[in-house]
Amino acid sequence: MDKKKSPQKKPDDKKKLYKNLGFAVIVALFVGVFLISFNRPAELAEKPYNDVMNRANRGEVSKLVVSGDKIEVTLKDQDKPSERTRGESGASVYGPGGLTNRDVTVEFKAASSSGATLTALLINLLPVIIIVGVLIFLLRSAQGQGNQAMGFGKSSARLYGNEKEVVKFADVAGNDEAKVDLQEVVEFLKYPKKFQAVGARIPKGVLLVGPPGTGKTMMARAVAGEANVPFFSISGSEFVEMFVGVGASRVRDLFSKAKKNAPCIIFVDEIDAVGRRRGSGMGGGHDEREQTLNQILVEMDGFEQGQNVIVLAATNRMDVLDPALLRPGRFDRRVSIGLPDRKDRLEILKVHFAKKPVEKDIGLDSLAAKTAGSSGAELANIANEAAIIAARQDRTKITQSDLTEAFEKVAIGPERKSKVMNEKEKELTAYHEAGHAVVGHVLPDSDSVHKVTIIPRGGTGGVTWFIPPEDKSYHSIIEYKDVLARMLGGRIAEEVIYGLDRVTTGAGSDLQKAAELARDMVVNQGMGKKLRDQVFHVEGGMMLDRLVSERQYSDDTAKIIDDEVEALITEAANRAREVIKSNKKQLDALKDALLEKETVEAEEVIKLLSGSKLPAAAALY
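The sequence shown runs 20 to 640 under our numbering.
Careful: at least some of the hints might be erroneous.
Stated by the list, open to error - Derived pair list, reagent style SDA-like, types lysine to any residue, alpha-carbon separation capped at 20 Å:
no.	residue 1	residue 2
1	K389	E622
2	K223	E203
3	K600	E446
4	K470	Y493
Stated by the list, open to error - Cβ-Cβ distance ranges computed for the label pairs, FRET-style:
no.	residue 1	residue 2	range
5	A373	A577	33 to 39 Å
6	K362	Y493	36 to 42 Å
7	G78	L154	35 to 41 Å
8	Y210	G152	48 to 54 Å
9	P488	E366	19 to 25 Å
10	D190	D413	29 to 35 Å
11	K279	L154	15 to 21 Å
12	D575	P463	47 to 53 Å
The set of hints was computed from the structure by calculation and includes no laboratory data.
Positions of the beta carbon are idealized from the N, C-alpha and C atoms, including for glycine.
I would like the entire structure built from these sequences, with the hints used as guidance.
In structure tokens:
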């Protein structure tokens with residue numbers, strides 16, 4: 020006959036028990052204080068002995084209770100004593116000057132001070148008891164919650180593994196290649212003996228690399244969900260404290276917990292916060308961050324064969340990581356989690372809209388086409404904003420208009436209709452945005468115009484929105500030159516219409532973006548004329564690194580770089596000027612439409628700009 024095992028108490032149950040006991044003790048103490056205070060005899064008025072006896076003899080007193088030299092006095096028509104007096108020690112209440120009225124009831128009690136002594140003792144000790152009880156309660160709570168004040172060296176990693184909604188690969192849309200790579204990690208965790216039988220070594224670490232918002236954390240949780248193993252999650256910044264040695268202690272505690280729960284996964288998000296190249300900080304090789312990194316390296320080397328603990332880490336700055344982290348035996352694999360393509364974006368949108376009520380004609384496919392370069396997090400934000408807009412309009416389903424508004428709000432910012440512009444500012448803004456649109460429409464390698472508006476959005480006075488017709492992995496010099504001219508189209512339109520010295524500050528952001536693009540072309544992409552096929556990229560890193568690092572090119576080369584950037588900007592401005600002058604009729608037509616409607620969609624823009632031409636002076640080929 021099998022014996023039924025008694026259920027073991029979980030750690031959470033113990034925490035609750037401690038908390039309940041502490042709360043009960045505190046409540047009991049406060050109740051005790053209340054009862055003691057309630058049961059204490061009422062303070063009696065102190066009266067002279069002769070006065071009490073005279074009133075007793077006149078019949079104003081009904082009862083006297085004598086205890087030693089203390090006498091409690093109950094007045095006539097009262098149930099409890101209201102006065103007290105003291106007689107001479109050893110003297111009788113019936114003695115000279117005492118009681119003569121025999122109608123007064125006299126009761127004698129033995130003198131005892133035990134009750135008063137106990138009450139006084141309890142009153143004196145009660146504050147101490149309360150303080151001790153509160154301290155015990157706080158200590159128990161601090162230990163149960165891993166409070167840093169009580170355990171600096173304890174890891175604050177969150178443990179996942181028993182959730183109702185387990186994340187699987189099917190819940191993560193896109194990145195099929197990354198899933199294939201990570202599926203092997205799942206196999207390692209589920210069937211380690213299969214690989215050990217052929218002499219394969221289980222990887223100790225897998226580094227997930229990709230831009231922010233691409234789903235690195237979700238992918239790591241999916242690995243744990245597929246393998247059905249515990250999942251310790253912590254951010255790299257949570258290791259680092261101002262106190263020396265705390266980070267290293269937390270690393271030891273985390274890896275110790277992981278080994279006890281093997282097989283399991285440790286996930287360190289934003290590992291670049293603690294894994295930067297050593298020797299680059301202000302503290303040389305002895306600052307707290309580097310000590311923490313050293314401990315991570317030691318712990319990863321300390322994994323023994325068969326422990327089945329895999330470290331997953333995520334970063335979008337692999338270029339700043341210490342080489343010791345990236346060598347084989349630590350992070351053996353690197354999995355790229357890139358931005359989704361059109362097919363993946365559609366799948367991501369379907370996942371986020373699956374549990375939301377939507378109209379039948381909602382165009383997720385067209386939205387996927389328009390969101391080139393968007394991350395999964397941005398697509399999720401669009402879906403959430405669409406739901407918020409629908410709820411704000413008191414609709415029960417998300418419509419196509421809600422989806423469009425949400426997309427534009429996330430992409431270019433919310434409309435600021437409260438900002439009022441005078442007629443002159445409206446006209447200038449209309450010419451500015453029409454200039455962008457005309458130049459972008461005429462140049463053959465520019466993206467398509469999606470929308471033009473003079474309604475202020477985000478931090479801009481108006482927006483001319485270009486969307487690429489398809490996803491692109493590479494860009495040519497010609498494409499970048501058309502983009503530069505398009506960026507300067509608004510400033511050049513102001514110059515052509517109002518004069519060279521009447522251009523405004525409205526093009527400030529355009530000029531900044533154009534300068535950044537031109538410098539990137541020369542320095543990082545080797546797209547200059549004199550410096551063609553040469554790059555001068557400086558590794559990113561901390562500000563101090565860039566300040567003290569030696570420049571990898573001479574002053575003469577720096578002057579050539581500046582000249583190349585200036586030449587690209589000047590060429591773009593001249594091309595935009597030629598396009599604006601050759602298509603002034605179309606510029607005025609689009610300006611008039613913007614003043615009338617404030618927003619012009621792509622179809623109407625193309626209609627208004629029909630007949631525009633590319634002048635020979637602006638052509639590159």
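Hints, one by one, checked against the model:
no., hint, result
1, K389 <-> E622, "15 Å, holds"
2, K223 <-> E203, "13 Å, holds"
3, K600 <-> E446, "18 Å, holds"
4, K470 <-> Y493, "25 Å, violated"
5, A373 <-> A577: 33 to 39 Å, "54 Å, violated"
6, K362 <-> Y493: 36 to 42 Å, "19 Å, violated"
7, G78 <-> L154: 35 to 41 Å, "59 Å, violated"
8, Y210 <-> G152: 48 to 54 Å, "53 Å, holds"
9, P488 <-> E366: 19 to 25 Å, "21 Å, holds"
10, D190 <-> D413: 29 to 35 Å, "31 Å, holds"
11, K279 <-> L154: 15 to 21 Å, "30 Å, violated"
12, D575 <-> P463: 47 to 53 Å, "36 Å, violated"
Taken one by one, the earlier hints fail for this structure at numbers 4, 5, 6, 7, 11, 12, listed in ascending order.
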